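**Student:** Residue-level listing of the chains:
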Amino acid sequence: MSDFQPHPRLRSRRDLFRIALGGGLSFLLPPLSLRASEQRGVERPASLITVWLQGGPSQLETWDPHPGTKIGGPTRGIETSIPKIQIAEHFPRIAEQLRHLSVIRSLSSKEGDHERGTYAVKSGYRPDPTVTHPSLGSLVTQALPNKSLEIPSHVALASGTWPPVGGYLGAEYDAFKVSDPGGQMPHINPPVSTERQAMRVNGLDILNRSFARGRPGQLERTLQPETVRRALTMMNSEQLEAFKIEEETAETRAAYGEGRFGRGCLVARRLVETGVRAVEVTLDGFDSHADNFDAHVARANELDPALSQLVRELRERDLWQSTMLLCVGEFGRTPRINSLDGRDHWPHGFSCLVGGGGLRSGVVIGATDPEGGREPVDPVTVPNLHATILSRFGIDPDEELWTPIGRPLALSEGTPIERLLPAT
Amino acid sequence: MWRNRFIFICGLLAISAYVFGAAAIPEPISTAIPAAERSEAPEPKSGPTDGSFAQALADVEAELSARSSTAISIPVAEELTILRRLSLALHGTIPSLEEIRRFESDARPDRLDRATKQIIEDPRTADYVAERLSRSFVGTENGQFIVFRRDRFLNWLSTELNEGRPFNETVRDMISARGLWTDRPAANFITAAVTDDQIDNAELTGRICRAFLGQRIDCAECHDHPFAEWKQTDFEGLAAFFETTDISPLGIHEKSIAEIASQRATSEIGEPMVPFYSEGLTDGESPRDRLAAWIVDPQNKRFGRAVANRMWWLLFGRAYHAPVDDIPDPGDESTRLLDILGEDFATHQYDLRRLIRLIASTSAFRAASAIEGIDQSRFETAQDEWRIFPVSRLRPEQIIGSMLQAVQIRTADADDQFLFRLIRFVRERDFVDAYGDPGDEVPADASATIPQALLRMNGRFTRELTEANPFTGTGRISAFSSDVDTAVATAFLCVLTRRPHANELESIRPWMKQSDATFESSQLEDLMWVLMNSPEFAWTH
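Those protein sequence lines, which keep their order, are chains E and W. Okay, so the first sequence: first residue is 1 according to UniProt numbering, each after it adds one. Okay, so the second sequence: first residue is 1 according to UniProt numbering, each after it adds one.
Check the hints yourself; a few may be wrong.
Calculated Cβ distances over 10 Å to all of chain W for the following chain E residues [unchecked claim]: (1) R99; (2) P145; (3) T194; (4) T249; (5) H289; (6) D318; (7) L340; (8) G358; (9) R360; (10) V364; (11) P379; (12) E399; (13) I405.
Here are the simulated lysine to aspartate or glutamate pairs, DMTMM-like style, with alpha carbons at most 25 Å apart [stated by the list, open to error]: (14) K110(E) <-> D200(W); (15) K255(W) <-> D224(W); (16) K177(E) <-> D430(W).
In case anyone wonders, no lab produced these hints; they're calculated from the structure. All of these numbers come straight from a predicted model, not from anything done at the bench. Cβ coordinates follow ideal geometry from the N, Cα and C atoms, glycine included.
Only chain W is shown next, with the shape it has when bound in the complex (with noise of 0.2 Å):
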């Protein structure tokens, strides 16, 4: 009760600062551009732009067409689609309307590779990887608040992301972390595998693996991996690599050997061993040291591999190679395009935002996802061999983060109002419990649900941001449009990133013209709820 008056006096104070906010804006559907985002606009700053990245996307692009068996030709997409792509697998969102006009208004040929980077340093991109990253880093849950923050971690994280630090720095502090969890964020890598007051070496130990390496060892906790050539003694080997870490009030720091002997039989302690590359396994401080330096020496492939594919896996909705943490070993023919990505990647200092710019750039993120006159079978196959772009299920906060967008016309961001920003929190918070968060992991083809279904189509979210009143897009489409086809077309873009298609208009048309040819509101919150339920919707294509 408390809280629905404190969201409710919360809504009433954010609604007010929002439309003394809007009024700098009062054309929505303006398509001024702002004098910074003009032609005469410095070149936004990023990695290379230099030969090494045309080389770099030739490689790939190579790479791609030489394990396609498919001949049909694939249209490139459109240009909007592009952009929603992007935008949902970097921000959480669709593209606000206003980004939409900001782009068409670009008139330059490179505006795709333009929007491209500026989409990547936006700091939303650092902020919603980290928080996709930290899924496999530290796991979902709240984990034992006493020696575990999450959202430490997580601000940390993005803010190494947004400061482009080299990402193998951060992966090698994040295992070598000493002290509290608190103010030592990274730390929170290691605390969040305490069980009972001990570090639990052999959940680290999983987790590294599967997170830096693309390696699924964790059966071999028990018994030699039944298909991949993991025993058991590279295993204990890994997880020896942790026995002198310890957790005290004081934090995470590294015993001896000595005072580990002291308590326990030394035939207990296990011998560090890596189970491949060995010969770069070098001398560190701790054991810990030594593994982290191994992890992410440019030599050893599997940790760039590892990162690519969990990159395109971001970008794509589907692991260039799934389960997209247990791929093949290094040079595997069918893991290649893996290998030139994460060689790129080392090369040039593990940066991420390169990494991600490749594969944004490539003919396969940019493929059109639907092609007419091919049967299911020839499709399915273009899909799987990255000709056709796979259209996957959005994620349930992609979801409530673009139907918020698509209501509020502006880009939500940090720029936002405390208050409104807290609103939305509160709102994805329950919506993300209503609709199920499922982890780290969607499967690629992931089905809808019934409970999924009825939140979208009857759930209170969906009411009130459909509803048309002055605060709302629907509302103020309906103030702002002068006919039906406007009105319609602005739902679209607001919503479907798209204007829509001819026979789609004439089919819409009727149920929203009166005889005047002018709508009533309640008409455009019945096409903001269909253009919200619909599949295209809910799914990146």
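The following block holds chain E by itself, in its conformation from the complex (with noise of 0.2 Å):
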């Protein structure tokens, strides 16, 4: 049990030691031809955006309706920009943009409570007590660090009930969660004057020192003052405007919508903008166990705006080939329909939209039977998922890492989804 066991993050500590050295130096870093803002096209490193539909959307009211049948209640489809395929009547926006992503109509996951489903669906395991596997997210900001980014790298905007987290790649890859997107930032501003500040930082240095002496390489294996000194870099940098909206035109505001939702897909592009590789937009209030109908259109009218806008303008800016954008949720809903007008929780066949970054448009995949089998045609499972989005980003789905629990576990256990990617 003792034997050597290298651990996944030993290699960010080789990083650390990296940044370390350069410590002194890292305001002489990135010029400022080299930022990612100014980067377009394939050339420019590449981010992920998660939509979360939160609650667990119901894919006929959405991605997959089937109008006039038992199981499709009043709602209706609308054709798209992609031939023969209707989405929810409610989209009429996405449904223009729809010719830019690709639908997958026959996800499946093995949960159907909310908790476990979101752990299912954010890092693409089941839920194991012994062991945390990182989000998504995560894997792409661990494995595509982005040294010139002052500010955090992975971000959840309007961050949900389960913000993706790093699990064993650790802490520093959780989310850095902003509850109110365009609004005021968390813990962002000193409390005190630029001089006593100054003081407090000097004061800290000394307190610093007391505890590395007779503890050599501890305190760098905190990362306690690395930390600091990279939270007060963010609370002084210019890259903070990413997450300011203010300078937007009203048009723009507008176009997302001015909810918490419609601010979050905005500042979420200006960050991809920023170099940052992957945040997390969450719109709640998906968990239509009642009145589902309302409760959707209520949703599309945020979702809608906000999503076809976000499509348009990292296309419009140039950012959709190495921009990718995958919106789902933890699970389905019921084709029943049950006595309260609503739908339950449906693991089997459910829908996502995903696109950019390279992968194939138009793309639909897996279809459901219109009689509400649980089986749908095709099945996608989420690993397959996770495994095609990391294979775009250059991961290799199947490199192994060492986890605390002491034995190797795979990025992914899916295999590509060979549809969704381009042709070689």
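From these two lone chains plus the hints, build me the complex, please.
**Tutor:** What follows is the structure in structure tokens.
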């Protein structure tokens, strides 16, 4: 048991020493011309935006309507920019953009509980009491560090109940939570004047040295001085502007929608432009055990403008080739409509949208049974979806990391979905 | 908005109450001790103090030195450092200035042993240990409110510990519990595993193995364990003990095999089997009673070892064998120490306090965490061999608890006014939410994160707690300290449980000291901020 067990963080520790070496010089580092915000097209390092529909959106009221059937309820379909493919009528703007995306209508998971389902879709693994698997965003962030970034590289906007975590990669890969996107950032302003702040930071240095004495290597191991340095850098960074939306025109802000989610999508675009690797934006309120149809109309009124505007702007700004977009929730909802006009949890055959980042667009995978049967045609597992996204980031999903529980785990148990990958 | 107003009003009330209460101690840094604490105070009651404790400790020491490859001699930590370790591990906070003064005013040579006993017997230990244990017993989630009451379980467990009930009995009650989760709190151990109105046998089995046997056999639910010897049939055999356990609106109860068989094909009902020590499996009223008796059977060494490893983890911030709930078989050379501790635990009526005291009395627990003049590799070897006390990160509730304690001067405990405790509860919860609750396990070398650094540097808690006003420690130190050196020393004692080193004092004095040797309270605020943001504050050492 006490054999040498290489830990995934060893790799990042090595990185840490590199950072530490360059510590004093960091201000000289990224010359403006290399800033991510000025790179465009396929050359640009990729980012991931996850639009998280919390509560379990109904596939039938979103991307997989069955109008005119018993299970379809009152929801009608509308034509989209992908020929012969309809989505729910409440998404006219996404219908226009749909040809830039692909639709999976046969996602399947084994978890029908909110917390477990969220874990399964965010990490690609079923919950395991002995280890916490990292979220997709954390894997991407860890594999592709952006050294010129002074703000966190993994951000959760309008963060929901279970934001993405770094799991066995370490808490430093947890998403940085911003509950009110475009509003006040949490704990970012020092409570005292610049002079007093400088005094305090100097004082901290005295205490750091005391703690380091007689404990070779231990202060570095805590990452504390490094974390404080990075927090201070962040507090003074111009890149914080990426979290603000004041300089966007009123027209742009209105196009996304002024709600928490709309602002979140706008901030997500700004973060990606700044070089943030992974962003998650949450839209809550899909757990429609009662009044399913009204609930979905209300959510669609936020989701349709914001998501379609996000796709449009990423394309207009030549960021689409380098930004992967995934829109998904923890599971779908039952084909059967219950006595409260609601739908219950359904992890079999639910839908997601995925696109950008060089993935093929206009592809539609799988189909659910119009009679409401459990098994979809051409089922796609969550791990396969993860493997597809990882491989587009140039990350081998089969790569294994040693975990704290002393056994190797693959980044994803799935295999990439060939139909979504560009022809080679 | 309303919550904020409510807290504000509560705050005002609590502060007034606190001020009147505090009037009893006009001098915050007084060294006076209550008469009851002086030398004529009776020996605090605790487990046996006879030769058997000394013998057990000697056995542990022999094993510790047998496993050590380091020839370096490690100094013993300062007594106050050991006091801080104990208080953090068992009360979840640093010691108060009041406790430090009381400790220092005891001149007897065995004052550390006496303080150790006192800390272990303080009801705060039962509360905090129960909170920590409950994470492995019932998880951290609030679960399904309809059938699961975490708070009831926690209160019950805390009472069991506080009353010093043999731990095997407490555990047996959990596993074999019957009745309603509301009036039979132990039953929540079972109902924590309810999903979709069904008891999840697999979850319960995995949890019991991890918590009470120190074995992770969860993966054997679906396949044979890849490395250890667990087979899928072992898992099924254990899970079968719960086949007859049922949940209804009347609570947890047992069904007869005939009832089960009428609902299902009998071939689906598994045969209860244990994966080892099968001769210890005796007859009992129900399969669950049999399993409970088998787990806590003194001959089943894994139980004692699992508890000992967990208590070691609680005290050191690191398990003797990590992961805490996956330890080798009894007799394995690398964990012989757990055999010794487990054996002593079993032969002394599963007295958890004795076990804690035994671990807390070891040279490992009392070793210094710093030593001059050795390189990193030798340092870390010594740390791994428990010659140097390991530094490990505090949990969020320990950090906020310590921040609150540091500015309170007096000991925060159950005697506090209700409103003060309410504020503390709300603040603690908010802080833990923002800081991130790592659940049951924090890896020993878990690193700090940027949001945590921002929260500690710029958060409302730090600002309010370091503010110099008549109600905070900062304000009171400021008011009662006649000069810079006294103020700095008191601040260090309050926050870091030690006095400043000479070089620290030299560095701090210039920015504290004004021309006339006095200081501004804002400078003391800055010092308190620095101390609370230092790595030393956020780590056990």
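**Student:** Per the stated criterion, does the least C-beta distance between T249(E) and chain W lie above 10 Å, as a non-interface residue requires?
**Tutor:** Fine: 30 Å to the nearest Cβ keeps T249(E) off the interface.
**Student:** H289(E) clear of chain W by more than 10 Å, beta carbon to beta carbon?
**Tutor:** holds, 14 Å
**Student:** Against chain W, does P145(E) hold up as non-interface, every C-beta pair farther apart than 10 Å?
**Tutor:** holds, 14 Å
**Student:** Is the nearest CB of chain W more than 10 Å from the CB of L340(E)?
**Tutor:** holds, 18 Å
**Student:** In terms of Cβ atoms, is chain W entirely out of 10 Å range of R99(E)?
**Tutor:** holds, 39 Å
**Student:** In terms of Cβ atoms, is chain W entirely out of 10 Å range of R360(E)?
**Tutor:** Holds: least Cβ distance 34 Å, greater than 10 Å.
**Student:** Quick one, are K255(W) and D224(W) close enough, alpha carbons at most 25 Å?
**Tutor:** violated, 30 Å
**Student:** Please verify whether K110(E) and D200(W) have alpha carbons no more than 25 Å apart.
**Tutor:** Roughly 15 Å separates the two Cα atoms, so the pair holds.
**Student:** Beyond 10 Å from every Cβ of chain W: is that where the Cβ of V364(E) lies?
**Tutor:** holds, 33 Å
**Student:** Does the claim that P379(E) lies outside the interface with chain W hold up, using a Cβ gap greater than 10 Å?
**Tutor:** Holds, because the least Cβ-Cβ distance between P379(E) and chain W comes to about 20 Å, which exceeds 10 Å.
**Student:** Report holds if the minimum CB distance from E399(E) to chain W is greater than 10 Å, and violated otherwise.
**Tutor:** Since the minimum Cβ distance to chain W is about 19 Å, E399(E) lies beyond 10 Å and the statement holds.
**Student:** Confirm or reject the statement that I405(E) sits farther than 10 Å, beta carbon to beta carbon, from all of chain W.
**Tutor:** violated, 6 Å
Hint compliance for this structure: hints 13 and 15 are not met, and every other hint is.
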